[in-house]
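Undergrad: With chain A held as given, fit chain B onto it using these hints.
There are 2 protein chains.
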Amino acid sequence: MNVLEDLEPQVRALGAALRARGWRLVTAESCTGGLIAACCTAVAGSSDWFERGFVTYSNEAKTESLGVPASLIGAHGAVSEAVARVMATGALAHAHAQLALAVTGIAGPGGAVPGKPVGTVWLAWAQADGHVGAELLHLPGDRGAVRAETVLRALERALACCAAEPAP
Amino acid sequence: MNVLEDLEPQVRALGAALRARGWRLVTAESCTGGLIAACCTAVAGSSDWFERGFVTYSNEAKTESLGVPASLIGAHGAVSEAVARVMATGALAHAHAQLALAVTGIAGPGGAVPGKPVGTVWLAWAQADGHVGAELLHLPGDRGAVRAETVLRALERALACCAAEPAP
Numbered sequence: 015m016n017v018l019e020d021l022e023p024q025v026r027a028l029g030a031a032l033r034a035r036g037w038r039l040v041t042a043e044s045c046t047g048g049l050i051a052a053c054c055t056a057v058a059g060s061s062d063w064f065e066r067g068f069v070t071y072s073n074e075a076k077t078e079s080l081g082v083p084a085s086l087i088g089a090h091g092a093v094s095e096a097v098a099r100v101m102a103t104g105a106l107a108h109a110h111a112q113l114a115l116a117v118t119g120i121a122g123p124g125g126a127v128p129g130k131p132v133g134t135v136w137l138a139w140a141q142a143d144g145h146v147g148a149e150l151l152h153l154p155g156d157r158g159a160v161r162a163e164t165v166l167r168a169l170e171r172a173l174a175c176c177a178a179e180p181a182p
Numbered sequence: 015m016n017v018l019e020d021l022e023p024q025v026r027a028l029g030a031a032l033r034a035r036g037w038r039l040v041t042a043e044s045c046t047g048g049l050i051a052a053c054c055t056a057v058a059g060s061s062d063w064f065e066r067g068f069v070t071y072s073n074e075a076k077t078e079s080l081g082v083p084a085s086l087i088g089a090h091g092a093v094s095e096a097v098a099r100v101m102a103t104g105a106l107a108h109a110h111a112q113l114a115l116a117v118t119g120i121a122g123p124g125g126a127v128p129g130k131p132v133g134t135v136w137l138a139w140a141q142a143d144g145h146v147g148a149e150l151l152h153l154p155g156d157r158g159a160v161r162a163e164t165v166l167r168a169l170e171r172a173l174a175c176c177a178a179e180p181a182p
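Line by line, the protein sequences give chains A and B.
For the first sequence, our numbering assigns the number 15 to the initial residue and increments by one for each residue that follows.
For the second sequence, our numbering assigns the number 15 to the initial residue and increments by one for each residue that follows.
So here's chain A without its partners, still in its complex pose (with noise of 0.2 Å):
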């Protein structure tokens, strides 16, 4: 699979649909580690709708670049829906931007803890209205295979924001 070529309708329909309603996207990434950010900026003309991204591999990256409590994380885990959701409401804070996608999850091949196999990934999207959501995704296969559908439901999911609020 080649993410970048395979995912482009999937940019160009949420670029669209952005530009439409005069959105940004901010995006707030740990498993995927830039990719929706290298996906999203692959489409020429993305600088119109993409403002920032911030790959937040390490805890401390989440806790200073995007606000989220170093207690959080020690409470909640790193891949947790508590976390992803202050991702998403931090990195809208820390950008120009009226959505926001957040990504924590385990790739693999390691890192699976109790409770947490891999591919289970934290999405979660906030908006400059205030709504704020997240979903939980149990992926199949490898690091490769886990974090190209995590780059594809965080695409979808930003579209079915957009959808969600008629363009002007």
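FYI, nobody ran anything at the bench for these hints, they're computed from the structure.
Treat the hints with caution; some may be incorrect.
A pair counts as met if it fits within one copy or between any two copies, since identical chains are not told apart.
Below are the SDA-like pairs computed for lysine to any residue, each with C-alpha atoms no more than 25 Å apart in a straight line [stated by the list, open to error]:
| no. | residue 1 | residue 2 |
| --- | --- | --- |
| 1 | K130 | Q24 |
| 2 | K130 | D62 |
| 3 | K130 | G59 |
| 4 | K130 | R35 |
| 5 | K130 | R99 |
| 6 | K130 | V57 |
| 7 | K130 | S61 |
| 8 | K130 | P23 |
| 9 | K130 | W37 |
| 10 | K130 | E163 |
| 11 | K130 | G155 |
| 12 | K130 | E95 |
TA: This is chain B only, laid out in the frame that chain A set:
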């Protein structure tokens, strides 16, 4: 070209070199839009040495996330040696890493300005010991080719930075 797979050998070599020195890497990406970070984190175990990444696509992101003065961008343009260098030193200052890579360039097809054609990329690096450097690249090909070649050059440069400092 499948960048994530094709550059895996270079990423593995860089990871080994960083690990041998107890170093961690931070990235600050404009034209590559997260692709350096995505390539690094495609390899399992990269959390040992990849600390965080900044995808500073907008000029505001360069200023707010990395501390690049807006006046510097105004004076030299976002694609300039001055901005690339401050992106690198700013990334190092805003992370817990010993090596920073920064890229800013014109991936095309749009964005060219007089004296800066498509394929013009500034690559800069900064090390915790104070070393800072920058290199001007003139890369051929389309947007995908320019971005992929930029990632390769950045990885090679990071490996050279490591090689210049013998592992303990």
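Undergrad: Each hint: holds or not?
TA: Do the hints match the structure? See the list:
1. Taking the shortest Cα distances, K130 and Q24 never come within 25 Å of each other, neither inside one copy (28 Å) nor across copies (31 Å).
2. Taking the shortest Cα distances, K130 and D62 sit within 25 Å of each other only across copies (20 Å), while inside one copy they are farther apart (37 Å).
3. In the homo-oligomer, the alpha carbons of K130 and G59 lie at most 25 Å apart only across protomers (18 Å), although the nearest pairing inside one protomer, at 38 Å, exceeds that limit.
4. In this assembly of identical chains, the alpha carbons of K130 and R35 never lie at most 25 Å apart, being 37 Å within a copy and 32 Å across copies at closest.
5. Proximity of K130 to R99 under the C-alpha cut-off of 25 Å is restricted to the intra-copy arrangement: shortest distance 18 Å within a copy versus 41 Å between copies.
6. Proximity of K130 to V57 under the C-alpha cut-off of 25 Å is restricted to the inter-copy arrangement: shortest distance 20 Å between copies versus 34 Å within a copy.
7. Taking the shortest alpha-carbon separations for K130 and S61, only the inter-copy value of 18 Å comes in at or below 25 Å, while the best intra-copy value is 36 Å.
8. Within a single copy, K130 and P23 get their C-alpha atoms no closer than 31 Å, and across copies no closer than 30 Å, so neither meets the 25 Å cut-off.
9. Taking CA atoms no more than 25 Å apart as the test, K130 paired with W37 passes in neither setting, with 34 Å inside one copy and 29 Å between copies.
10. Taking the shortest Cα distances, K130 and E163 sit within 25 Å of each other inside one copy (17 Å), while across copies they are farther apart (37 Å).
11. In this assembly of identical chains, the alpha carbons of K130 and G155 lie at most 25 Å apart only when taken from the same copy (15 Å versus 43 Å across copies).
12. Proximity of K130 to E95 under the C-alpha cut-off of 25 Å is restricted to the intra-copy arrangement: shortest distance 12 Å within a copy versus 45 Å between copies.
Checked against the numbered hints given earlier, the structure breaks hints 1, 4, 8 and 9 and satisfies all the rest.
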